[in-house]
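Those protein sequences? They're chains A and B, same order as listed. Read in our numbering, the first sequence has 413 at position 307, and its numbers run on one by one without any break. Read in our numbering, the second sequence has 484 at position 378, and its numbers run on one by one without any break.
Note that these hints are calculated values from the structure, not bench results. Nothing here was measured: the structure is a model prediction, and the numbers come from that model. Among the hints, a few may not be true.
Where chains are identical, the list cannot tell them apart; a pair therefore holds if satisfied intra-copy or between any two copies.
[Claimed, not checked] No farther apart than 30 Å at their CA atoms in a straight line, the calculated lysine-lysine pairs in the BS3-like style are these:
#, residue 1, residue 2
1, 714, 390
2, 163, 390
3, 425, 597
4, 163, 337
5, 322, 158
6, 380, 597
7, 199, 210
8, 322, 558
9, 151, 337
10, 425, 691
11, 558, 337
Protein chains: 2
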Amino acid sequence: MVKGEWIKKGAVVIDCGINHIPGLIVSENTVLSAKRFLEGHQPGKWNISCTKLNLQKPVPSDIVISRSCVPKPIDRLAREVGLLSDEVELYGKTKAKVQLSIVKRLQAQPDGKYVVVTGITPTPLGEGKSTTTIGLVQALGAHMNLNVFACVRQPSQGPTFGIKGGAAGGGYSQVIPMEEFNLHLTGDIHAITAANNLVAAAIDARMFHESTQSDKALYNRLVPLSGGQRKFSPIQINRLRISVFITRFARLDIDPSSVTWQRVLDTNDRFLRKITIGQSPTEKGYTREAQFDITVASEIMAVLALTSSLEDMRQRMAKMVVATSRSGQPITTEDLGVSGALTVLMKDAIKPNLMQTLEGTPVFVHAGPFANIAHGNSSILADKIALKLVGPEGFVVTEAGFGADIGMEKFFNIKCRYSGLRPHVVVLVATVRALKMHGGGPTVTAGMPLPKEYVEENLELLEKGCSNMRKQIENAQHFGVPVVVAVNGFKTDTEAELDLVCSMAKAAGAYDAVRCSHWAEGGAGAVALGQAVQRASGAPSNFKFLYDLELPIADKIRIIAQKIYGADDIELLPEAQHKVELYTKQGFGNLPICMAKTHLSLSHEADKKGVPTGFVLPIRDIRASVGAGFLFPLVGTMPTIPGLPTRPCFYDIDLDPETEQVNGLF
Amino acid sequence: MVKGEWIKKGAVVIDCGINHIPGLIVSENTVLSAKRFLEGHQPGKWNISCTKLNLQKPVPSDIVISRSCVPKPIDRLAREVGLLSDEVELYGKTKAKVQLSIVKRLQAQPDGKYVVVTGITPTPLGEGKSTTTIGLVQALGAHMNLNVFACVRQPSQGPTFGIKGGAAGGGYSQVIPMEEFNLHLTGDIHAITAANNLVAAAIDARMFHESTQSDKALYNRLVPLSGGQRKFSPIQINRLRISVFITRFARLDIDPSSVTWQRVLDTNDRFLRKITIGQSPTEKGYTREAQFDITVASEIMAVLALTSSLEDMRQRMAKMVVATSRSGQPITTEDLGVSGALTVLMKDAIKPNLMQTLEGTPVFVHAGPFANIAHGNSSILADKIALKLVGPEGFVVTEAGFGADIGMEKFFNIKCRYSGLRPHVVVLVATVRALKMHGGGPTVTAGMPLPKEYVEENLELLEKGCSNMRKQIENAQHFGVPVVVAVNGFKTDTEAELDLVCSMAKAAGAYDAVRCSHWAEGGAGAVALGQAVQRASGAPSNFKFLYDLELPIADKIRIIAQKIYGADDIELLPEAQHKVELYTKQGFGNLPICMAKTHLSLSHEADKKGVPTGFVLPIRDIRASVGAGFLFPLVGTMPTIPGLPTRPCFYDIDLDPETEQVNGLF
């Protein structure tokens with residue numbers, strides 16, 4: 107008998123319960139080996155084969171670096187991190203999904219250390235949070251030999267072909283293969299598009315059929331007589347519990363002007379920002395104004411990110427409010443009868459996706475909700491599974507979108523509230539470039555050359571701009587978690603500049619502040635950061651939420667505005683005031699708050715840099731994502747689907763039919 | 107050294123070329139074993155472990171049957187049919203993609219026998235072509251022990267949640283797991299949605315940017331000055347070859363009223379049939395009327411189905427015509443600069459998907475173009491790979507959508523023309539139900555009980571209706587291929603009825619006609635059909651196309667109308683006449699013809715059953731799918747996106763969060 111085979115049999119014995127298999131002779135040897143087998147699958151010290159980087163100068167483009175590294179077969183990485191083969195579903199050679207059964211298998215296992223990466227208020231170019239997240243795990247895993255997982259968001263495919271390019275980190279700190287990461291991945295976003303648009307189609311079709319049929323006809327069609335009997339589907343029975351009258355059962359009576367559910371596409375299609383639908387003669391004149399959002403703005407994406415199990419997702423899929431009836435009742439996806447189908451469409455998307463960094467350490471890529479009208483954080487499930495897999499001495503590094511005033515605040519107040527997880531360390535990414543902008547440097551515009559203030563030493567601007575970093579450190583401290591500042595160095599930064607940022611950060615109360623160069627050097631460039639994070643994870647921490655859920659809606663908004671943004675007060679405009687009343691009446695008043703505010707300023711005005719003061723935050727409107735579980739106040743107008751510029755990125759993207767290589771992604 | 111390991115090393119040796127590895131001692135034993143290894147991977151007689159069916163009466167629902175069978179691990183099936191592990195990309199445990207490198211590996215291998223399944227003119231309920239396709243391969247593979255592959259279309263997900271339900275065959279003749287088949291599969295349709303809509307967004311964004319910018323500004327943005335130099339992307343260089351003037355290069359000058367490219371969604375959303383786009387203030391008043399089609403109606407789906415390699419797909423992606431310029435030039439996807447990105451988005455979709463039947467035989471599921479405005483056949487690549495894998499004594503059974511006048515005619519004149527493959531046998535599916543309808547039986551409506559004529563013996567109606575079968579047999583004979591009629595039996599059919607159909611079929615010139623009961627009995631119910639097909643495949647055949655490509659457009663349409671539909675003549679309405687002239691001038695006159703006609707009658711009027719005569723076929727308009735490679739004349743108005751009924755299927759669909767089972771799909 108070959109050893110591998112024997113071990114497999116050992117595993118089966120254990121699964122069935124050793125003492126209950128009739129006729130099985132359990133020798134001491136069997137028990138010992140079975141024990142060894144299980145130990146082998148208990149999270150302990152991993153033995154990961156890391157990939158050596160062959161660093162080039164100047165640093166090549168992201169796609170060239172990504173392609174120059176041959177990724178490990180993903181099933182091998184899965185084994186290395188302690189996943190059983192039955193728990194892994196391969197999607198090609200470089201991606202895999204992890205089944206949720208692992209949550210149960212590892213439930214008794216203590217969690218690892220939980221690190222969230224956030225940033226100061228960024229320039230429109232971004233300051234390298236994703237790159238730092240990946241650089242940090244490459245350092246912890248490949249250089250410090252610790253168990254570590256990165257948990258990152260799946261990027262929207264739309265911007266990949268528009269102006270932004272890829273989002274898999276950058277330079278020598280990337281998730282690979284970057285083209286798989288940036289394109290379809292395993293289809294999760296596509297599943298959301300399908301699910302979201304099924305709801306949208308169901309809403310308009312329902313309004314149409316209700317408009318053209320009597321109550322009785324509707325009822326006869328909804329619950330057809332078959333063999334002398336009417337049979338309700340389980341979803342209809344759920345509804346029957348609340349409505350005993352045919353009219354209320356058969357007629358949802360949706361107010362067309364109240365529909366908040368939009369169609370979505372994962373494409374930068376500006377011409378769908380506002381449209382009129384229903385203009386074909388077959389729809390008999392029932393036209394209405396509507397819009398498309400980008401898929402990652404769908405509430406279903408937020409549900410995916412915040413759910414904790416299949417059962418929980420099924421419940422959230424039923425609770426999503428899509429409109430209000432003419433009598434003021436919230437209309438849900440369950441009312442439309444579509445909640446089960448949505449869960450079926452999302453049954454694979456709920457499983458986190460395993461990929462790897464350039465240095466061969468594991469990454470979960472899972473969920474990527476919009477960071478303004480949603481909470482902008484990757485999934486709770488990926489974090490939870492990763493925390494079990496790394497074990498008590500290991501680390502999970504997760505990323506929160508936008509600056510600390512947005513992504514981190516929502517990470518703590520929304521994501522950690524739903525997950526019950528408690529973070530050990532905040533890594534705050536800062537760049538000399540962004541700090542100079544906050545100090546009064548000229549405007550930074552994507553696609554335009556940087557003004558000279560940003561490429562020459564300027565300690566004065568820099569020191570002034572550190573105010574923003576100080577405020578964001580303070581923001582993290584509101585939650586009682588130690589902060590490590592990671593100064594993401596660019597080649598134009600001077601020694602004096604980098605030193606100044608570090609000393610200002612420590613003076614502002616950071617646990618530590620270190621320079622890193624992971625973009626140019628991979629994990630080796632973030633070892634100092636890794637060591638600081640490891641030390642900080644042992645420091646005392648005293649996590650607390652910023653507000654109590656039971657407070658009135660306006661009070662919760664005010665607390666965020668005053669404590670995090672530095673506002674004097676908030677102003678509820680009439681529509682927002684109306685929604686406060688409506689949602690309170692409908693029973694949604696105790697949901698957490700997800701602010702939809704610009705990420706380019708601590709205030710609501712994108713051009714106010716540094717630490718704006720003396721402002722009142724205007725709340726234009728409030729919307730509810732009841733299934734995801736938050737209210738989102740709109741501060742100003744949020745664009746929810748980007749457009750294509752005159753020369754989109756796609757001009758450079760092509761496939762070499764010979765080698766099957768993707769060119770031109772960046 | 108374990109045997110498996112040794113064999114693997116043997117394989118590596120061969121891959122590298124035995125004689126060229128320095129220092130390698132090639133013993134006779136090595137060579138012999140290497141040869142044995144390669145022989146093991148040459149297509150020969152497969153040794154497939156078939157799955158035994160446990161037949162229940164009455165036959166349970168499709169999803170219950172599908173779930174009652176545990177599918178083989180798909181990597182095992184892949185090995186059984188001679189695929190090398192490097193050629194297979196797993197997508198979970200029950201689906202895999204096959205890499206195109208296999209085409210080269212097996213290029214010297216003779217093809218198997220090629221069988222196309224088509225049908226008589228159906229009722230709106232469908233007559234079981236898919237079920238017969240699967241039943242036939244289960245018979246040939248699991249009962250007659252032959253190498254056999256089924257090649258079927260991937261169904262659109264939209265109708266799964268609307269009125270139609272699943273499309274994986276039915277009863278005991280199904281592709282499993284049916285929920286995987288009917289839902290996302292491996293994401294090919296989602297990739298098409300993304301690619302198609304990127305083109306649509308690019309068209310409107312380009313028209314918008316051209317409307318708001320001078321030639322010079324456009325040029326500067328399209329080819330920005332960087333470091334004193336302008337760099338053209340390879341796609342732009344392709345365009346430079348044809349346009350030396352800045353204006354023509356920078357300004358496509360699309361006539362907005364000429365745009366034929368529509369947006370798509372894989373959702374039954376009737377409210378998107380006609381819409382107005384661009385109504386947000388950010389689009390500055392550039393609104394226009396547009397529409398959404400269902401994704402399978404996208405030209406990109408037709409390209410996927412008709413392409414023969416990655417290189418060929420890249421070329422087709424460049425040739426798709428989306429509009430006409432104000433000066434009458436065709437505007438292509440290459441002109442928009444998006445052709446490379448489309449190929450990148452479709453790089454995985456081009457690989458056929460491997461699944462299995464209920465009895466464990468292999469199935470390729472690949473591409474599913476609309477059967478009216480496109481050609482309604484599964485992919486050429488899947489057929490080609492399957493024909494190599496089964497080897498010269500094996501069979502590939504592929505299905506053509508709709509009745510023989512539509513799907514089969516397009517299979518021969520379009521698909522076989524592009525593939526160069528020559529079919530051996532036509533299987534024509536007939537049902538007593540549909541033949542009675544053609545004989546003058548009452549209207550058959552989906553969702554309504556069948557009138558008594560259909561559930562009681564009625565030889566008179568049946569005999570009269572056999573005219574339609576006779577005509578469709580004749581249609582197949584136009585192409586010189588032997589026809590086997592498969593009479594798909596229902597439990598209400600009588601012996602006398604089934605016998606009558608068989609004898610009428612033989613009298614009409616069918617090579618053979620047999621009764622089958624694969625829906626109720628799986629492959630065992632189609633063994634007689636399998637034997638007939640095997641015999642017919644050895645019969646003389648003399649394949650020929652119906653028309654010559656070099657004929658004028660109108661002549662090609664007339665030949666189809668007269669020979670296949672039985673029309674007296676055609677009538678080109680003004681718009682069609684205009685398009686004949688335009689396309690002839692633009693150089694597209696020699697493309698094959700893809701008729702967009704109702705499938706419910708041989709004529710253009712759906713309610714004319716049997717064999718209509720004495721009619722003139724009106725051609726309302728003609729469109730071009732230049733990338734896919736056909737012109738499609740529109741006979742009447744084709745609905746291109748279905749709607750949701752008052753009570754869509756989704757009411758019954760749900761996921762059991764405990765077992766993760768899908769319920770309610772049918």
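Structure-based check of all given hints:
{"no.": "1", "hint": "714 to 390", "in the structure": "between (50 Å within a copy, 28 Å between copies)"}
{"no.": "2", "hint": "163 to 390", "in the structure": "neither (65 Å within a copy, 46 Å between copies)"}
{"no.": "3", "hint": "425 to 597", "in the structure": "neither (50 Å within a copy, 44 Å between copies)"}
{"no.": "4", "hint": "163 to 337", "in the structure": "between (70 Å within a copy, 23 Å between copies)"}
{"no.": "5", "hint": "322 to 158", "in the structure": "neither (71 Å within a copy, 48 Å between copies)"}
{"no.": "6", "hint": "380 to 597", "in the structure": "neither (43 Å within a copy, 53 Å between copies)"}
{"no.": "7", "hint": "199 to 210", "in the structure": "both (27 Å within a copy, 21 Å between copies)"}
{"no.": "8", "hint": "322 to 558", "in the structure": "between (73 Å within a copy, 28 Å between copies)"}
{"no.": "9", "hint": "151 to 337", "in the structure": "neither (56 Å within a copy, 51 Å between copies)"}
{"no.": "10", "hint": "425 to 691", "in the structure": "within (16 Å within a copy, 57 Å between copies)"}
{"no.": "11", "hint": "558 to 337", "in the structure": "between (73 Å within a copy, 25 Å between copies)"}
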